[in-house]
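If you want the building blocks of each chain, they are given just below.
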Amino acid sequence: MNSSLILAQAASTQAASTQAASTQVGNPWVNIAIFTAFVGVTLVIVLRASKNNKTAADYYAGGRSFTGTQNGTAIAGDYLSAASFLGIVGAIAINGYDGFLYSIGFLVAWLVALLLVAELLRNTGKFTMADVLSFRLKQQPVRIAAAVSTLAVCLFYLLAQMAGAGALVSLLLGIDERFGQSLVIVVVGALMILYVLVGGMKGTTWVQIIKACLLIAGAFIMTVWTLAMFGFNFSELLGKAAEVANNPEVLNPGLKYGVSDTSRLDFISLGLALVLGTAGLPHVLMRFYTVPTAKEARKSVVWAIWLIGAFYLFTLVLGYGAGALIGPDKIKAAPGGVNSAAPLLAYELGGTLLLGLISAVAFATILAVVAGLTITAAASFAHDIYASVIAKGKTTPEKEMKVARRTVIIIGVFAILGGIGAQGQNVAFLVALAFAVAASANLPTIIYSLFWRGFKTRGAVFSMYGGLASALILIIFSPVFSGSETSMIPSLDIAFFPLANPGIVSIPLAFLLGWIGSVTDKGREDEQKGAEMEVRSLTGVGAEKAVDH
Amino acid sequence: MTANSPNDVDSDIDFIAERDSAEFQELRRTHRSFVFPMAIFFLVWYFAYVILADYFHDFMSIKVMGNINVGIVLGLLQFVSTFAITAAYVRFSNNKLDPKATKIRERLEDEGVK
Chain X
-7 MNSSLILAQA
3 ASTQAASTQA
13 ASTQVGNPWV
23 NIAIFTAFVG
33 VTLVIVLRAS
43 KNNKTAADYY
53 AGGRSFTGTQ
63 NGTAIAGDYL
73 SAASFLGIVG
83 AIAINGYDGF
93 LYSIGFLVAW
103 LVALLLVAEL
113 LRNTGKFTMA
123 DVLSFRLKQQ
133 PVRIAAAVST
143 LAVCLFYLLA
153 QMAGAGALVS
163 LLLGIDERFG
173 QSLVIVVVGA
183 LMILYVLVGG
193 MKGTTWVQII
203 KACLLIAGAF
213 IMTVWTLAMF
223 GFNFSELLGK
233 AAEVANNPEV
243 LNPGLKYGVS
253 DTSRLDFISL
263 GLALVLGTAG
273 LPHVLMRFYT
283 VPTAKEARKS
293 VVWAIWLIGA
303 FYLFTLVLGY
313 GAGALIGPDK
323 IKAAPGGVNS
333 AAPLLAYELG
343 GTLLLGLISA
353 VAFATILAVV
363 AGLTITAAAS
373 FAHDIYASVI
383 AKGKTTPEKE
393 MKVARRTVII
403 IGVFAILGGI
413 GAQGQNVAFL
423 VALAFAVAAS
433 ANLPTIIYSL
443 FWRGFKTRGA
453 VFSMYGGLAS
463 ALILIIFSPV
473 FSGSETSMIP
483 SLDIAFFPLA
493 NPGIVSIPLA
503 FLLGWIGSVT
513 DKGREDEQKG
523 AEMEVRSLTG
533 VGAEKAVDH
Chain F
11 MTANSPNDVD
21 SDIDFIAERD
31 SAEFQELRRT
41 HRSFVFPMAI
51 FFLVWYFAYV
61 ILADYFHDFM
71 SIKVMGNINV
81 GIVLGLLQFV
91 STFAITAAYV
101 RFSNNKLDPK
111 ATKIRERLED
121 EGVK
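Sequence order for the protein chains is X and F.
Going by this note's numbering, 156 is the number at position 164 of the first sequence; the sequence numbering is gapless.
Position in the second sequence counted from 1, then plus 10, gives you this note's numbering.
Note that these hints are calculated values from the structure, not bench results.
Keep in mind the model is a prediction, meaning the values are calculated, not measured.
Cβ coordinates follow ideal geometry from the N, Cα and C atoms, glycine included.
Among the clues, some could well be false.
To be verified - For each label pair, taking beta carbons as the anchor points, the in silico distance ranges come out as: (1) R38/F to A325/X: 51 to 61 Å; (2) I26/F to G385/X: 39 to 49 Å; (3) L39/X to D68/F: 30 to 40 Å; (4) L53/F to D253/X: 33 to 43 Å; (5) N104/F to W444/X: 47 to 57 Å; (6) M221/X to N104/F: 25 to 35 Å; (7) F69/F to I401/X: 23 to 33 Å; (8) A383/X to R38/F: 47 to 57 Å; (9) I402/X to F66/F: 21 to 31 Å; (10) N104/F to F224/X: 30 to 40 Å; (11) D68/F to F171/X: 27 to 37 Å; (12) L62/F to T254/X: 14 to 24 Å.
Stated by the list, open to error - Computed cross-link-like contacts, BS3-like style, restricted to lysine-lysine with a CA-CA straight-line distance of at most 30 Å: (13) K130/X to K124/F; (14) K124/F to K46/X; (15) K324/X to K106/F; (16) K384/X to K124/F; (17) K394/X to K124/F; (18) K287/X to K73/F; (19) K124/F to K322/X; (20) K113/F to K322/X; (21) K384/X to K106/F; (22) K287/X to K113/F; (23) K46/X to K384/X; (24) K73/F to K521/X; (25) K521/X to K124/F; (26) K110/F to K391/X; (27) K291/X to K73/F; (28) K124/F to K43/X; (29) K124/F to K391/X; (30) K106/F to K521/X; (31) K287/X to K43/X; (32) K113/F to K232/X; (33) K324/X to K124/F; (34) K386/X to K130/X; (35) K113/F to K386/X; (36) K73/F to K248/X; (37) K46/X to K106/F; (38) K291/X to K113/F; (39) K386/X to K43/X.
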């Protein structure tokens, strides 16, 4: 997902190039067969897991019955998307060292989650991010703001994934024409609705666990295989990559982001959004509620960090490996362009069968990430907007879950239509937006409400809406949206903000607004609640016995 | 169901007194004495790396061993430091934080906090 930035950029250009190049490697039928097997197996597991989905805690939080290890694997499954895999491998194969910079940002970001957010959040909330943010502030305004930014992040993320799915799968399955791609999007969307509707958080979690294992195992096998071809000498592999690229600069930073002062500043802005965005992603935060205790939440982040870290190390070998064994020119010329580096490497190493496995894993990945996003958005709407604001707390868990299930269908249909509409669009636009919004709208308020006693309702509302609006506005006026050939709307030119990523402006602004709003808020917050939140967040009182079956 | 929803009132527990108690303040100090310096450290180290990779290409391109240059070494060190901080935090939590937090939690739960 996160690195869909890379994948996406290529995906949009690729939509055009697929028509021209139809040199298909491997056998689409093998890919389809392996993918169908994956769907079959996971569907059985989802059906079994859903048998005891009775309460809201079951549906939203998987009954809080997952162990730290299981949840950590699911987090890795949620976080490592096909884009991470295909996008980063491709970026390293073509842009060399600059592709590696993404991996580092995505990994280091987890320390924010581990040290500052995960356990405290687990101890103070129940189902959604808004539970924590509205704990000691005025319920209604804060809950609505948190739900709005949750929905915004999920929606942009979702659209990016769906649009990416069309492009990616068409490459892997050899479907070139637009109708076929739309059909693929409908199938992905329908499967996702089914998983989430039937399986709830439990089913979704199992899909993510299976997918994470397949993805990491696949990458591991390819890494060992690639290294073995160079006698396990990494330096030799690098040398070969530079030789094939006919450019020693692929080993040094700067190939992509060193072009101009603007691109350099853009990289810092992206780096900021990446490192602070992860701990503000609502679908990642919601995963912390699926474990019974804060200690398990800690364990899940630790496990996730090891898995994600190991995976990004694999991508370094795979990226340069693809560069050395296939070569940047051949990768760029293949259908799917930069995204095809990993599948081409799989084909080079293990032929049709390995390619089929890797392709099926990539498809499964999209399905799992989309399911995680959908359940987060549905929970936020049903729990924060419907139950707390529309029904004013006068609702039953059964009614709330009914609303959540309906929301899943609505979001699913929206994602399908949006995905079809966004085909060939610049998906980077949507993903950059999701990360920037998460870092600007969510993270400042999360940090403030966990660590600053003087934080007040107005500060939370200012920071969330301010962060959301500034991120959106700056993206609309950036070159990603208009004014250049690679823009979302190339014919329009309203760009005045030079950077593709708004983070460097919108994140500090959101922190500032949170502070200004709090110091100017003359109202009093409930001090008893504030003290309660502080005590609960650090001790986990009450929350530890959250499992009730 | 858990009772830690903001709508539930635990009227008989004085959380303000609890928060201001020496025992809780000690826990809070211990927690912050680790996570704040560590968070500042890894953010500074991460952005130092980003700025080096962004603006100091010549330095990053110096070969260290064979084709492996300073950039690759520093990048891999980011992985190492992330793993090390994670391990250090787990150790610290298990040894220093959990015993203190558990003591307060069990006492409060005995007093009827849900």
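Each hint, compared with the structure:
no., hint, verdict
1, R38/F to A325/X: 51 to 61 Å, "holds (59 Å)"
2, I26/F to G385/X: 39 to 49 Å, "violated (25 Å)"
3, L39/X to D68/F: 30 to 40 Å, "violated (59 Å)"
4, L53/F to D253/X: 33 to 43 Å, "violated (24 Å)"
5, N104/F to W444/X: 47 to 57 Å, "violated (27 Å)"
6, M221/X to N104/F: 25 to 35 Å, "violated (42 Å)"
7, F69/F to I401/X: 23 to 33 Å, "violated (55 Å)"
8, A383/X to R38/F: 47 to 57 Å, "violated (37 Å)"
9, I402/X to F66/F: 21 to 31 Å, "violated (50 Å)"
10, N104/F to F224/X: 30 to 40 Å, "holds (36 Å)"
11, D68/F to F171/X: 27 to 37 Å, "violated (52 Å)"
12, L62/F to T254/X: 14 to 24 Å, "holds (19 Å)"
13, K130/X to K124/F, "holds (22 Å)"
14, K124/F to K46/X, "holds (22 Å)"
15, K324/X to K106/F, "violated (53 Å)"
16, K384/X to K124/F, "holds (23 Å)"
17, K394/X to K124/F, "holds (28 Å)"
18, K287/X to K73/F, "violated (43 Å)"
19, K124/F to K322/X, "violated (62 Å)"
20, K113/F to K322/X, "violated (63 Å)"
21, K384/X to K106/F, "violated (42 Å)"
22, K287/X to K113/F, "holds (15 Å)"
23, K46/X to K384/X, "holds (23 Å)"
24, K73/F to K521/X, "violated (57 Å)"
25, K521/X to K124/F, "holds (14 Å)"
26, K110/F to K391/X, "violated (40 Å)"
27, K291/X to K73/F, "violated (38 Å)"
28, K124/F to K43/X, "holds (28 Å)"
29, K124/F to K391/X, "holds (25 Å)"
30, K106/F to K521/X, "holds (27 Å)"
31, K287/X to K43/X, "holds (27 Å)"
32, K113/F to K232/X, "violated (59 Å)"
33, K324/X to K124/F, "violated (59 Å)"
34, K386/X to K130/X, "holds (18 Å)"
35, K113/F to K386/X, "violated (36 Å)"
36, K73/F to K248/X, "holds (20 Å)"
37, K46/X to K106/F, "violated (38 Å)"
38, K291/X to K113/F, "holds (20 Å)"
39, K386/X to K43/X, "holds (27 Å)"
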